[in-house]
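Asker: Here are the chains, one letter per residue:
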Amino acid sequence: MGDSEHPEKTGESVPDASWPENGDQWSDKGEEEDDECELLQEMAEEDEEIDLYNEETFGLDEATSGDNPAADPMDLLLLCSDNSPTPQSSPPPPPISPSPHSSHSPSRPGSRVWPHTPTGRPQRGRAGRGQLFDDPAVVKTVEGRPSLKWMMAPQKSSRPPVASILQDQAIVGVIDRSRHGRVPPVSPNFLSPMRPFSTSRGRRGPPFVGSFNQRCHYQNPMVPCSPFRPQRLFSPQQQYNQPGGFLSPSRPPLSTPMPHTPKLMHLQFGTDSPRPAPFYSPSTNIMQGFRAPGPVAQFHPQHKRLLSQRQQRPHRKPVSWDPYSQIMTDKEKEWIIRLQMIQLQSKNPHLDDYYYQEYYQRIEAKLAEEEILGDRLKKEPPKLTTPYVTKALSYIPVVHIEGSLGQVAVSTCFSPRRAIDAVHANTSDEHRDTRRQRLEVLSTIEKLYIVLLEVEEANKMKATVSDKDEERRLMQNIKRKVDQLYNELRCTNLLDSGEEFISCLLISKGKSMLARLLPFLSPDASLHILSVVTKNLPVLMSKDTDEALPVLYPSLRAVIDRLAFSQLIRNLKEFTATLPDSKDTRLTLACQNKFGLSLLYALLSQGERLLSSDLPMEPSIGDFETWTDTVFHVARQLSQTTLVEPLLLPSNLLTLFCRYLDKRTVHQLKNNMESATGYLAVAS
Amino acid sequence: MNYMPGTASLIEDIDKKHLVLLRDGRTLIGILRSIDQFANLVLHQTVERIHVGKKFGDIPRGIFVVRGENVVLLGEVDLDKEYDQILQRVSIEEILEEQRTEQQAKQESERLKLQAVKERGLSIPKADTLDDF
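One line per chain: the protein sequences are A and B, in this order. Under this note's numbering, the first sequence has 564 at position 564, and the numbering climbs by one with no breaks. Under this note's numbering, the second sequence has 10 at position 10, and the numbering climbs by one with no breaks.
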């Protein structure tokens with residue numbers, strides 16, 4: 001509050017001596033009258049804003065409106081401002097001349113939190129209310145300076161930059177745009193609690209622009225003047241596109257002053273900042289009494305209905321026993337509801353709001369079932385539907401002001417705060433190497449997740465889309481992405497392990513990613529992954545601290561179920577082969593691991609299924625022998641060691657064993673397997 | 001009436017007594033007066049409640065404005081059920097004393113645990129060796 005205090009102090013001690021250099025243009029008796037004027041000006045300001053709102057809402061001409069509460073204060077204002085220098089008489093250069101007067105008043109302490117432009121009013125008052133909006137750009141630009149100047153008050157040198165702001169094409173452009181894109185008047189049943197300051201910009205010009213500018217940066221709520229007027233129009237969408245601009249109806253504390261330079265202003269309204277303009281275009285389909293924000297132009301009919309119901313609801317009388325009950329007014333509540341609704345609009349709800357969509361689909365499915373079974377339900381569960389909307393222009397998360405030492409974080413609703421730039425520190429410790437590699441692999445996996453999500457999304461859409469071309473395009477898209485995923489995952493090399501996929505398989509996220517990717521892969525690719533997993537089973541099992549391996553089971557099971565006999569044999573052989581660095585086989589190790597055992601069971605089950613089915617197999621030479629050998633080997637191992645409980649115990653395993661082994665062994669095996677699972681191994 | 005089915009909104013909770021748990025572990029109980037789009041809260045006639053074991057103590061705090069990001073959870077207090085509880089209310093001094101004692105005991109047990117683990121040659125894995133952060 002340093003900036004604001006300073007002018008106050010100077011205001012109190014030596015009002016006009018130090019401040020404006022052309023203090024001689026001031027009249028002496030301006031002093032005492034200004035005290036009164038200040039209050040009146042405040043009132044006049046409020047009234048004027050009411051009038052502005054009325055004008056916009058009802059489209060009435062100020063001059064013809066019977067309800068002109070501001071008339072009297074305006075007159076008084078006219079009176080007390082008579083002694084001010086007449087800016088109208090003096091031509092724009094020096095444009096500074098009106099500013100001393102108006103900046104003089106903000107120097108008054110206390111009630112003023114808003115650098116407003118008192119000079120403007122008398123001018124307007126004199127010109128007649130009807131001409132209030134004649135040429136706001138011209139009039140308001142003049143007024144704009146004082147506020148800006150005031151904010152930069154401590155320095156005396158601020159005048160030249162102030163002038164340059166107003167010559168800044170961007171700002172003037174904004175004003176012009178806002179003027180052109182005037183929102184059409186809406187019905188009195190207007191819900192929105194607040195007038196957007198951007199709209200008022202069209203009316204008032206840079207005074208609000210300036211202050212809005214400065215405030216919007218801190219997300220501070222702003223209020224034009226003391227008691228909040230709830231009848232303000234509000235367009236939340238516009239707020240979103242102000243960098244960091246959030247308006248809420250409460251009274252603001254004065255923000256800590258930022259070093260504002262004209263360049264910053266320019267940045268705010270310049271080319272790279274989100275433009276408020278598009279959101280000014282009057283929506284074509286304005287709901288009665290409710291203006292839809294933004295380019296969407298309308299809410300979903302259900303929304304409209306809900307909101308109109310809300311409107312028509314009689315005003316709740318304040319709860320008598322709670323004197324504080326209506327602190328938050330209805331308008332404020334509706335403002336927040338609207339804000340939240342806007343946040344829910346999306347182009348791709350299934351992507352953006354996945355959980356809700358899934359939940360709702362399940363509810364609907366359940367209802368559909370019940371409908372079939374029982375009687376029809378009268379009402380459906382209420383569904384939130386919002387129209388699709390093009391995403392807001394991407395904002396610039398960081399604004400770099402020339403000559404500044406750092407970056408200014410711009411916050412919007414989509415990104416409330418940007419953290420400091422985290423730079424990857426490169427350490428050369430050997431332990432760190434492993435960790436670093438893991439982190440690199442992890443970051444690759446995480447980046448690839450987005451691709452995977454797109455694949456799954458496209459797959460889902462493919463099922464629903466009817467157009468053949470679209471389908472083909474989607475399929476190509478899917479294929480491309482799947483290939484990309486496959487290639488990237490195989491290349492990540494952790495600790496020069498040499499084996500493909502291992503590095504990502506060692507990380508839990510990688511496991512789940514592969515599990516999700518497997519259904520999309522070609523048979524060869526998925527077979528390759530299966531063989532990689534089988535070969536490296538010992539490593540994977542030993543390093544699986546999170547017990548994440550089972551996540552691979554369903555997908556691998558699906559792959560196994562499609563295996564041909566010889567492929568199966570190849571994989572099974574791995575189990576019985578002795579490992580290079582130990583005397584164990586994969587088999588022995590697998591018995592102690594849930595996933596390994598389940599994998600083994602799955603393979604055996606598939607073999608049994610293939611053999612007992614009538615489909616012709618094409619076994620290679622030696623396949624059957626290998627198969628028989630393996631079965632014996634496995635049976636022996638399984639009956640000897642204690643087994644862990646597998647993820648799934650296929651039902652045809654014992655049938656398989658029965659065929660090859662004697663009864664006693666089978667019985668032993670059965671006991672062993674059953675003791676592990678607690679279930680009967682088979683119903684044979 | 002929820003205007004947005006399937007969403008969570010605090011609009012319905014206004015002017016009702018709520019219990020708010022903050023990220024720093026504090027428990028506040030107050031009447032929710034105002035909210036905004038970030039779920040910043042204005043609590044009225046707020047009381048900070050400290051729980052130690054089966055005892056609790058209230059420190060009257062007045063008006064609280066809580067920044068939304070610091071809220072872990074909040075829930076409406078059922079005024080009927082609020083007072084017939086197993087918990088026993090004590091004075092502020094007593095509860096603060098209890099809290100301090102509990103804190104000390106916890107630190108002591110942590111220290112002992114760490115020592116025991118070290119003696120056995122084990123180590124508690126640090127966060128950066130774990131997967132999936």
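Honestly, I wouldn't trust all of these hints.
[What the hints assert, rightly or not] In silico negatives: residues of chain A with every beta carbon more than 12 Å from chain B:
(1) D322
(2) Q326
(3) R338
(4) Q340
(5) Q343
(6) E369
(7) K460
(8) V465
(9) P519
(10) D584
(11) S613
(12) L647
(13) L649
[Claimed, not checked] With a straight-line cut-off of 16 Å between C-alpha atoms, the simulated EDC-like cross-links for lysine to aspartate or glutamate are:
(14) B/K17 <-> A/D322
(15) B/K16 <-> A/D322
(16) A/K331 <-> B/E12
(17) A/K333 <-> B/E93
Worth flagging that the hints you see were computed from the coordinates, not collected in a lab. Where a beta carbon is used, it is the ideal one built from N, C-alpha and C, also for glycine.
Asker: Confirm or reject each hint.
Answerer: Hint-by-hint comparison with the structure:
1. D322: Non-interface label on A/D322 violated, nearest chain B Cβ at 6 Å vs cutoff 12 Å.
2. Q326: violated (8 Å)
3. R338: violated (9 Å)
4. Q340: Answer for A/Q340: violated, closest chain B Cβ roughly 6 Å.
5. Q343: A/Q343 is in fact no farther than 12 Å from some Cβ atom of chain B, at 8 Å.
6. E369: Answer for A/E369: holds, closest chain B Cβ roughly 20 Å.
7. K460: Holds, since 20 Å exceeds 12 Å.
8. V465: At roughly 26 Å from the nearest Cβ of chain B, A/V465 sits farther out than 12 Å, so the non-interface label holds.
9. P519: holds (22 Å)
10. D584: holds (26 Å)
11. S613: holds (41 Å)
12. L647: holds (21 Å)
13. L649: holds (29 Å)
14. B/K17 <-> A/D322: holds (12 Å)
15. B/K16 <-> A/D322: holds (10 Å)
16. A/K331 <-> B/E12: holds (14 Å)
17. A/K333 <-> B/E93: With Cα atoms ~40 Å apart, A/K333 and B/E93 exceed 16 Å; violated.
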